[in-house]
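Going down the list, the protein sequences come from chains A and B. For the first sequence, counting from 1, position 124 maps to 124 in full-length UniProt numbering; every step adds exactly one. For the second sequence, counting from 1, position 70 maps to 70 in full-length UniProt numbering; every step adds exactly one.
None of these hints come from the bench; they were simulated from the model. Predicted, not measured: the structure shown is a model, and the values here were computed from it. Any given hint could turn out to be false.
As the list claims (entries may be wrong) - Listed next, the in silico DMTMM-like pairs over lysine to aspartate or glutamate satisfying Cα-Cα at most 20 Å (straight line): (1) A/23 with B/647; (2) A/94 with A/175; (3) A/130 with A/65; (4) A/94 with A/26; (5) A/130 with B/274; (6) A/130 with A/55; (7) A/23 with B/596; (8) A/23 with B/649; (9) B/228 with A/26.
To be verified - Simulated restraints, written as ranges between beta carbons of each label pair: (10) B/599 with A/20: 13 to 21 Å; (11) B/236 with A/44: 24 to 32 Å; (12) A/44 with B/44: 55 to 63 Å; (13) B/190 with A/44: 46 to 54 Å; (14) B/426 with A/65: 41 to 49 Å; (15) B/632 with A/71: 23 to 31 Å; (16) A/44 with B/651: 41 to 49 Å; (17) A/20 with B/9: 47 to 55 Å; (18) A/20 with B/528: 53 to 61 Å; (19) B/499 with A/65: 47 to 55 Å.
Yeah, the Cβ is synthetic: ideal placement off N, Cα and C, and Gly gets one too.
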Amino acid sequence: MKPAPTHSYPGLNLGRGRPGAHKATEVVTFGFWVFLMSDLVYFGLMFGVYITMIDAQAGGPGPHELFDLYSIFAQTLILLTSSLTVGLAMLALKYDLPRGRIVLWFAVTLLLGLSFLFLEIRDFMSMADKGGIPQRSGFLSALYGLVPLHGLHVAAGCVWLVVLGIQLRVMGMTDLVVSRMVRLALFWHFLDLIWIGIITIVYFGGLTYG
Amino acid sequence: MTSAESGFFGRLNWDAFPIAGLIQDPNTNEIVANAAAGVVIVGVVLVLGLLTWFRLWGPLWRDWLTSADHKKIGIMYIVFAIVMLARGVLEGVVMRAQQAAGPGEGFLEAEHFAELFSTHGTIMIFFVAVPFVFGLANFLVPLMIGARDVAFPVMNQISLGLTVSAGMMLMVSLVVGEFSTGGWTAYPPYTGAAFNPGVGPDYWIWAIVVSGIGTTLTGINFAVTIYKLRAPGMKFMRLPMYCWTIICSSILIVFAMPPLGVAALLLAADRYLDFHFFTNDLGGNMMNYANLFWLFGHPEVYLLVLPAYGIYSEVFATFSAKRLYGYTSLVIATMSIAVLSFTVWLHHFFTMGQSALINAVFGIATMLIAIPTGVKVYDWMATLYRGRIRFSVPMLYGLAFLLLFVIGGLSGVILANPTVDYQVHNTLFLVAHFHNVLLPGVLFGLLAGYNYWFPKAFGFRLDEVWGRISVVLWTVGFMLTFLPLYFVGLMGMPRRSYSWEDPSFHPYMITAVIGALVILAALLSVVVQLWVSIRNREQSRVPVGDPWDARTLEWSIPAPPPPYNFAIIPHVTDRDDFAAAKERGAAYPHPDRYEDITMPRNTSIGFVLCVLSGVWMFALVWWIWWLAALMTVMMILSFILWTFRTDTEEVVSAEDVRRQHEAWLDLVRTTPPVTRDHEGAPENAGLARPDLEATT
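When you get a sec, could you build the whole thing from the sequences and use the hints?
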């Protein structure tokens, strides 16, 4: 058994299975972590803005009229499952399982991501029907500023998945494509983490204090 | 007209051009506005004409605009910063002239004056200080840590493209429409749609958002570069002090730029989509904006001044011919300032309704910053102590900095006391304070760095005589302009006033405008210095690369450096590795063998994104929705297409490296070394003869 490569970084390391890709991935994955830290600050501030504006309902509809916890529960299950499938894709990549297995898990992830977006958009449309539009109050502005920002990230992740699928087809399993998969997986887990914050602070917090 | 119902050209029409105002109502105010627009147009036409006349389009495209070389990107940043500096200084002079006209007098209208202080602040912070600081960092950091490029060369190019296109928006706002009148901080609700429906705040918003993204990418790039690309043996505690300051700045960027992006984008949501984040009605809360903006704004000033501290640290050590005193304490002080800078943002709005306890906490936190800064000042003075000092241009800037910056810092400690702040808040005392730290602190540092590293970048030294003239002019100009503002500030003159009534202010205002003219002369002297230096370049060439008997790795390679920087990646064994090698007589080693070097190939993605993002911003400002949508799609598509490129690198063969490197080593052998006493003389070809015992 070869010794483990020394260039490790937080998260799943490709390690012994793919020493070439591992080395190519080190610097860029570290850079991606730094980017995620910066992105996390965006979300942190939006959470802060939301918390200060829970009471700023200005007589408009509030959390109790607007939030549909069943839909939120479904979205949570879907997104958490997609994090699992991304993890399975990464394990398949690390242990060099057949390429079909990697593609399968990424495809399932894409489907789950799209279903999540479908449910989220449906939620927002039904909120709008009940008069819950961002122009109505500061509270709704903060809600529409934060949750769709996460949705936009999920949509970007879906585009990324599609592009990566095409690149896998066109360029093959090169070190570059592998390294992009590693970063995509980090990004996807990051989206999950933000979602945990959203259900806790936006939905539960909103219903408790709003 | 509301944003939903706009035609093919959005809300853009004939009245948006300043010439329309001049025709309708010719007065001094309109003439000044048209002159400014005219200067922009003539400048652009002149540059385009010169490029065509000298057939420079090809070289410009091949060697510069598409280059991913960190050194060239750094130089382009600095050129951009100096162009913007010229505009910022001119605006300062016009404002000083307006205020010097006498009680109730003046030639500008209030709106125009407000535009001037808004663009002046926005330009000086975002499009002079930031690009100048990171232009220098681009050029220097890989050379100092023994790397061939930054971690992400193409992303670096994109950062430059976004910064420049955002800066161009400020230029465009002179010619089409008007800029914001809300100051560089753009506080809502004044900048909201209800009170300010025009295009001004939109120009501000998009310039800030796009340049903010560019700066964030730069911060990520430099944090990763210094963490990951250091040469073997370059441990953290062997890093040049300058690199320490850049890593702290990069960390500040990564965490402090997002609040600015959030503040500006939420303001955009209020203005464009009728959201209620900061409006007066329906639950909007302006204090969120103040907190978000200054959560960015305070770290921002440290991310500008820390790199200047780094430059001074290198300059004091080199021109005192000594090791930097108290390296470890300087590292700790730098890190402390970086951390503390996140804990003081509230001191920018002590008067906006917090409890006395909260104000006291932030006031004390602010005063704490004086401790690590004081440590630094003592360390620099101890570096000078018993050094063999040469009063060269960078050193003179450094000495002016030490004297003046202490005054600026102490006035900051005064302002940190909330009870005092209540008295002088929003007066010219504050203007005097932050110019007192930004000019002697940041600008003098950048100019010192420009004089110090210029020979490394271009292979010849800058003219010493004109350099000294510009030091004197900058210093005198600064003191005449800004020290009087402390007094009128204490006498109660509010900042940002286009008109005033109290005759006792007049002498101070006159002094300040004289100072502004001296600063203008100082700016011209920098241009003259460059002109004279280029003309006399044959007498000041330093091809060997070490004209100042300096200490860090970037001086151990040719000037200008080859594209790959180091023929052989150095193995670092010491802090100030090059100085140690010279003392051992081991500088300029002859390598046993050479290897192929892989370098990033040219790419046009940075330029493409620069143009597309520029058009995108313009379309958003003028509500040309179809164009904005088209540009959004094109930006995304061009980026995705770029990710399909595989031939992103090219190889310099070991044989080419050997030939170039050995030709230079031959030059090193045949060049007569000069002592420090003759470093200004024509015979200084960049090989130093250490003429002193090692002093540590």
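Item to complete: Starting from the hint list further up, note which numbers the structure goes against and sort them upward.
Response: As far as the earlier hints go, 12 and 13 are violated by this structure, in ascending order.
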